[in-house]
Amino acid sequence: MIEAEHLEKTYQRGDGRSVTALHDVSFVIGDGEFVTVRGASGAGKSTLMNIIGCLDTPTSGVYRLAGEDVSHYSDQQRSRVRNQRIGFIFQSFNLLPRTTAEENVELPALYRGEAPDRGKATELLERVGLSDRADHFVSELSGGEQQRVAIARALMNDPPMLLADEPTGNLDSAAGNAIMDLLTDLHREGRTIVLVTHDEEVAAYAQRELLIRDGVIAADRARSPLRPVSEAG
Amino acid sequence: MKTLQTLALALRTLWRNPLRTLLMMLGVAIGIASLTTMTSVGEATKQQTLREFKNMVGTFDVVNISPGGGRTRGMPSLTTVEPTLKFADAAAIAAELAGVRQVAEVQNAFDIDVKYRDNTTASAMYGISANWLEMHSYFVAAGNLISADDIQSLARVAVIGPDVSRELFPGEDPLGKQIRVGNVPFQVKGVLESRGAGPGGSSLDNIVFIPVTTASKRLFNRDYLTTITVQLDNPDEPDPVVADITALLRERHGIVPPGEDDFTINNPRAAALRVSNVRSTLSAVLAGTAGIATLIGGTVIMGLMLVAVSERRREIGVRRAVGATRGDVLSQFLIEAALVSALGGVIGIAIGVSAAVVVAVQRALPPVVLWQAVGGALLLSVAVGLVFGLQPAWKAARVDPIDALRS
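Protein chains in written order, with the numbering used here: chain A, 1 to 233; chain B, 1 to 407.
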């Protein structure tokens, strides 16, 4: 359960004036929902995503994860939340260069403070259909493959929520569709998915859409998927 | 994140950026290599100097008294010394002072002609008491040393060094043969073992020993000594005995203040240490320079690490996004710096030790490796990495993940 109550975010600009990026944003996302946050660039999508992802804190308002108010957590506490409760998927994949697919997938486990579980990474690479690429360096993989490695990485610590920021933005439509199918599968397994995009077609995979405009929620509406969810397999 | 994992991660990062790693290690490696070489060669030189001194002097548990107040230059000899030191002085020191094991008498001169038939050589001539040879660790290769009986009977016997034996008796057994020293005939009683060269490089084997009594009465016709050698019970604390000797000789020679001593007391071990310390001061200065080179190596690491932090902002952002704390990032970069510096140190030690061994072999020095210095060098390299890695690591920890992840 993700709860946002009256979130405000203002930035101090260089000339001393302040800019409001988010204004009085409130919503609730239930466990297992697939929600897109849509809006034009500059609308406050990124700011909201950073707060949802515990990379940033709101200026005021309350942000709760599973009932826990994390809005004023310290840097270290937020690191722990990111590590264990959120899986990040980025537009530009953000895999570590000069590193193998498997090492990238294992990365969140490294910061969990527990003994690394080789089997888990292998299993996840298998899950995203890349078991034969485990020992390949990132630079040897196609864009679609890299994004699948990133999804496997996001799943490493088994977080309840996946936070995807334009996950198909750097992919051709075939690879993009494959990624969206994978996310849909993960959603059907019970994971909460928050997807930030400006792409109407991508947003169509979700059950619900938060439309953000000029820092406020302009619309919060349920939608029936435009296209049927392809069968898993 | 556990330290071991951080270490493994750092090692992997270094391994996958070989050129950068090599550059970072270079300065520290050069500094540590010179440091290791300097200290090892310095210590080897010091030990070598002491060994040469000991070889020349034969013993370090004595003090030598020579006549004359001012320090005479070079070795005392009958022709250069004042006639103030008498046989009776030696006897008095042996009889009256505590802490004295034994006393030996010496009357020596240099460049004395020694002849056998048509062969002539010039050698150092030492009239000595029987215990002197033993105190100075002289051994015969053939025949016998000067004995107490020889001293008593003013025997005209000589023990010759290997150089003299070679010059006078080529292909002949010298034992029992008669040589002439300043036209006085002596019978060769023994031939010494070789002692090789002294600190100056000149031979220690061009020497003839005769009984000091014979030298005094039958050869030189002088009743004073060039040296009294006093063997101490406790060579580590020569000062009280030296003070006693000084007091006794002043009394015997009727010197009252403000009159100055008419003799000089030398401690060969102290002299040897003085010389070797001059040499090791020099190597300490060189080692200091090498230490500075190591610090410059540290600044190279710092510079390259700072560049690396800028280049790796995205990596830092990714790590922070998946749960790395600032502390995790800090320790990752810090350990990377310490590790690269330590690896540079290890390479430097390997080069330095090899160089020290090569120098030791070339200059016939004892192969000394100061393991304390090696351990110190390793610690120094780790410390250099930590100190110079601190600022880049701090910069890395301060990277804002939101900025870093923005493409």
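Worth flagging that the hints you see were computed from the coordinates, not collected in a lab. Don't take every hint at face value.
[To be verified] To give a feel for the contact side, a few chain B residues facing chain A, derived at Cβ under 7 Å:
#1 L14
#2 R16
#3 Q187
#4 E315
#5 V322
#6 I402
Glycine residues also receive a C-beta, built at the ideal position from the N, C-alpha and C atoms.
Hint-by-hint comparison with the structure:
1. Of the supplied interface hints, the one on L14 of chain B is violated, with its beta-carbon coming no nearer than about 11 Å to a beta-carbon of chain A, more than 7 Å.
2. Proximity of R16 of chain B to chain A holds as hinted, the smallest CB-CB distance being about 4 Å (cut-off 7 Å).
3. Hint status for Q187 of chain B: violated, given a least beta-carbon distance of 88 Å to chain A, over 7 Å.
4. Restraint check, E315 of chain B versus chain A: the minimum CB separation of about 6 Å is within 7 Å; hint holds.
5. Satisfaction of the interface hint for V322 of chain B is found here, the shortest Cβ-Cβ separation to chain A being roughly 4 Å, below the 7 Å cut-off.
6. At about 5 Å, the closest approach between the beta carbon of I402 of chain B and any beta carbon in chain A falls short of 7 Å, and the interface hint on this residue holds.
Violated hints, listed in ascending order, are 1 and 3; each of the other numbered hints is respected by the structure.
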